[in-house]
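Chains as they are written, first to last, in full-length UniProt numbering: chain A, 1 to 409; chain B, 1 to 409.
Worth flagging that the hints you see were computed from the coordinates, not collected in a lab.
Glycine included, every Cβ here is placed at the ideal spot set by N, Cα and C.
Hints should not be assumed to be uniformly reliable.
Chain A side only, calculated, beta carbon under 7 Å to chain B, not exhaustive [to be verified]:
| no. | residue |
| --- | --- |
| 1 | VAL60 |
| 2 | SER110 |
| 3 | LEU119 |
| 4 | SER138 |
| 5 | ILE172 |
| 6 | PRO173 |
| 7 | ASP178 |
| 8 | GLU233 |
| 9 | GLY236 |
| 10 | ARG239 |
| 11 | GLY255 |
| 12 | ARG257 |
| 13 | ALA316 |
Number of protein chains: 2
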Amino acid sequence: MALVNEHYLKLPGNYLFSDIAKKINTFKVTHPGKRLIRLGIGDVTRPLPQACITAMHKAVDEMSKAETFHGYGPEQGYDFLIEAILKNDFASRGISLSPTEIFINDGAKSDTGNIGEVLRWDNSMGVTDPIYPVYIDSNVMCGRSGELGEDGKWSNVTYLPCTAENHFIPQIPDRRIDIIYLCYPNNPTGTTLTKAELKKWVDYALANDTLIFFDAAYEAYIREDDVPHSIYEIKGAKRCAIEFRSFSKTAGFTGVRCGYTVVPKELTAATLDGERVSVNKLWNRRQCTKFNGTSYITQRGAEAIYTAEGKAQVKATIDYYMENARIMREGLQSAGFKVYGGVNAPYIWLKTPDNTGSWRFFEQLLYEVNVVGTPGVGFGPSGEGYLRLTAFGEREDCIEAMRRIRMWI
Amino acid sequence: MALVNEHYLKLPGNYLFSDIAKKINTFKVTHPGKRLIRLGIGDVTRPLPQACITAMHKAVDEMSKAETFHGYGPEQGYDFLIEAILKNDFASRGISLSPTEIFINDGAKSDTGNIGEVLRWDNSMGVTDPIYPVYIDSNVMCGRSGELGEDGKWSNVTYLPCTAENHFIPQIPDRRIDIIYLCYPNNPTGTTLTKAELKKWVDYALANDTLIFFDAAYEAYIREDDVPHSIYEIKGAKRCAIEFRSFSKTAGFTGVRCGYTVVPKELTAATLDGERVSVNKLWNRRQCTKFNGTSYITQRGAEAIYTAEGKAQVKATIDYYMENARIMREGLQSAGFKVYGGVNAPYIWLKTPDNTGSWRFFEQLLYEVNVVGTPGVGFGPSGEGYLRLTAFGEREDCIEAMRRIRMWI
């Protein structure tokens with residue numbers, strides 16, 4: 001009799017964005033004439049950079065002739081893309097990595113979801129709170145998170161609150177945790193850590209033999225000098241951290257699917273007997289067994305991001321979103337709200353007025369000004385009393401949303 | 001201290017095709033003037049159908065304008081592709097499935113590798129032998145396969161030998177097994193099961209509450225009437241089987257990455273308490289958490305396979321490969337070899353003469369006629385004494401390889 005993995009049954013049935021979609025549908029049915037402005041889900045709206053379009057057309061044409069056809073590629077990705085990454089994302093910042101430390105994937109969600117497979121199911125884990133739900137859910141699925149308590153917290157997860165009270169700087173734990181997820185610039189709060197703050201985490205990890213999963217999907221939005229683009233800017237990080245990168249928010253690849261994961265050769269984890277094992281080797285084996293590489297066409301598109309033309313086009317798109325972020329941040333501040341993020345990230349984290357609950361404030365915005373955000377509590381218990389807005393919308397929508405909110409207040 | 005998943009350490013260090021690549025490299029270095037004919041690895045060589053090329057160009061252009069840009073798609077795939085699949089692959093054979101029973105993916109390797117996640121790690125499992133290595137390796141990684149014995153077999157895996165002696169028809173087990181992997185048309189043997197033979201497996205599964213993972217990646221190569229294209233042609237299969245399909249070998253998508261998995265709503269597995277749980281729901285949750293959908297451009301390319309033009313082009317490519325298979329099969333037979341497969345599959349399974357070992361025969365072919373095959377034992381213990389040749393090469397290479405082998409004999 002085939003038995004199910006019962007850890008899956010512990011997951012709450014509904015997913016944050018499905019719940020929101022249902023509430024939006026209800027609103028639409030009951031308010032057919034109203035125009036909604038959606039500043040909720042973190043999907044991009046600008047088209048792909050022209051350099052990527054040109055490169056993908058060329059790659060599609062290559063697939064049409066036997067002489068230039070590409071079949072199975074390397075599971076780890078093509079060298080042309082890996083070389084472009086090493087040169088532009090790392091060497092330019094003084095970080096030296098080798099090609100076999102880079103794994104091209106079909107997006108950061110897959111790898112952040114799958115990475116836990118190479119580790120024992122009963123390692124302890126910690127997350128900053130609020131956080132991207134995949135980190136916890138993927139650990140629930142293998143039993144690592146434990147049981148869900150009435151307070152909305154999982155029993156084997158250490159939550160590191162990030163709120164206005166601590167300036168969104170998570171406190172270093174006072175005990176050993178085996179695996180820590182850090183996402184900076186942060187989704188959902190849009191806040192960052194300075195190099196000095198991130199160094200404290202690397203030092204903690206080295207002292208405690210902790211493995212850091214560092215999600216840098218929003219790295220391209222960093223504007224301030226003192227914010228690290230890669231955790232490997234911190235000395236010693238190659239011995240304790242895996243870094244996840246994505247082209248989704250950098251170059252609009254949410255529908256094209258490409259990102260990469262850095263697993264340094266120096267990084268090891270232990271067996272029960274204390275033997276040290278290369279995590280790079282384990283992850284390579286995982287990818288060779290359960291993944292067959294990313295589309296050749298997609299990888300040629302991603303390579304084009306690193307051309308002079310591609311870089312200029314990516315910069316223009318990010319400037320557009322960051323101008324949206326500025327308009328929203330300043331608009332909300334002038335309306336009297338407390339807002340965070342939006343300086344080095346496309347996310348605005350809004351404190352609800354008078355400690356209104358996240359879901360209640362979400363509904364007020366939906367019904368009273370017809371603007372859709374994402375309830376902060378959907379990202380974890382410490383998100384209660386906040387709402388996330390994203391800067392990925394159309395310029396006019398951002399301006400109109402601010403106008404409506406100012407009028408409403 | 002982060003601890004590794006020690007099951008990974010049980011996997012033999014090298015992968016079949018890496019070992020072969022090394023031997024080929026050694027040969028090349030020591031025999032620089034010789035022209036090798038590679039009939040080993042199962043990658044296609046014909047370009048993509050023109051219909052797919054046209055569709056992908058159009059999709060790339062859509063991504064270049066904000067009005068037609070596509071960001072995140074559904075994790076389960078776009079309706080346009082799912083509808084084309086339902087109509088052409090199933091309704092046309094009298095099989096009724098609903099859209100939510102289809103999950104578009106980035107290739108069958110990912111899903112055949114990941115599907116085991118939704119089941120308890122200690123279910124018992126069975127595989128036909130020889131077999132595609134991913135089935136076993138992915139189960140080793142979660143501990144389900146047990147320990148590797150000196151005989152090359154894993155302790156918790158039931159091997160169902162398929163050899164010339166039993167006409168490559170696996171014997172129905174005399175005891176209950178929780179999960180059975182079946183791949184038909186078979187990789188590596190190229191053999192098939194008739195509808196009557198496959199029905200015995202469905203009946204066994206229903207009687208024993210067994211879950212069948214049915215890999216139909218080579219379905220498009222079936223030529224004979226009595227060979228089922230889908231396991232759902234057998235009554236009751238929706239209650240016991242998941243089917244994996246791939247566009248890799250159908251339409252040359254090995255470098256484009258697209259396939260799909262069918263998880264019928266009727267299919268359930270049990271909790272320890274005996275409660276029945278929908279496997280479709282679990283798999284949907286897995287995909288929504290750890291996968292972000294397949295590239296929009298890729299899915300538009302796959303949709304074009306189902307147009308009248310696309311179907312004609314796919315047929316022409318498959319006819320080309322199957323003519324290669326005929327040439328190789330008949331060439332080898334006339335040279336006195338016993339060969340199997342190649343009638344409903346792009347694989348030829350060659351019995352080595354005089355019970356020569358697989359690896360020894362592989363080296364004889366490599367060094368004496370400069371033809372590369374794949375040693376049968378690389379696919380499992382029952383593959384010893386066989387060699388796999390694939391029909392995916394160039395026509396002239398197949399003809400030349402047969403000429404060399406005839407001369408050699």
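Do the hints match the structure? See the list:
With a cut of 7 Å, the hint placing VAL60(A) at the interface with chain B holds, because the nearest CB-to-CB distance is about 5 Å. Among the interface hints, the one on SER110(A) holds; its C-beta lies about 6 Å from the nearest C-beta in chain B, closer than the 7 Å criterion. Annotation: interface hint on LEU119(A) holds; nearest CB of chain B at approximately 6 Å, less than 7 Å. Below 7 Å, beta-carbon pairs count as interface contacts, and SER138(A) has one with chain B at about 6 Å; its hint therefore holds.
Restraint check, ILE172(A) versus chain B: the minimum CB separation of about 17 Å is more than 7 Å; hint violated. Contact between PRO173(A) and chain B, as hinted, is not supported at the beta carbon level, the nearest pair being about 14 Å apart and thus beyond 7 Å. The closest approach between the C-beta of ASP178(A) and any C-beta of chain B is roughly 5 Å, which is under the 7 Å cut-off, so the hint is satisfied. Taking 7 Å as the C-beta contact cut-off toward chain B, the hint placing GLU233(A) at the interface is violated, the least distance being around 22 Å.
Interface hint status for GLY236(A): violated, as the beta-carbon distance to the closest one in chain B is roughly 15 Å, over 7 Å. Interface hint at ARG239(A): violated, since its Cβ lies 12 Å from the closest Cβ of chain B, which is beyond the 7 Å cut-off. For the restraint placing GLY255(A) at the interface with chain B, the shortest Cβ-Cβ distance is roughly 4 Å, inside the 7 Å limit, so the hint holds. A cut of 7 Å between beta carbons decides the hint on ARG257(A): the least distance to chain B is about 5 Å, and the hint holds.
This hint is violated: ALA316(A) has a C-beta 13 Å from the nearest C-beta of chain B, more than the 7 Å allowed.
Going through the hint list in order, the structure does not satisfy hints 5, 6, 8, 9, 10 and 13.
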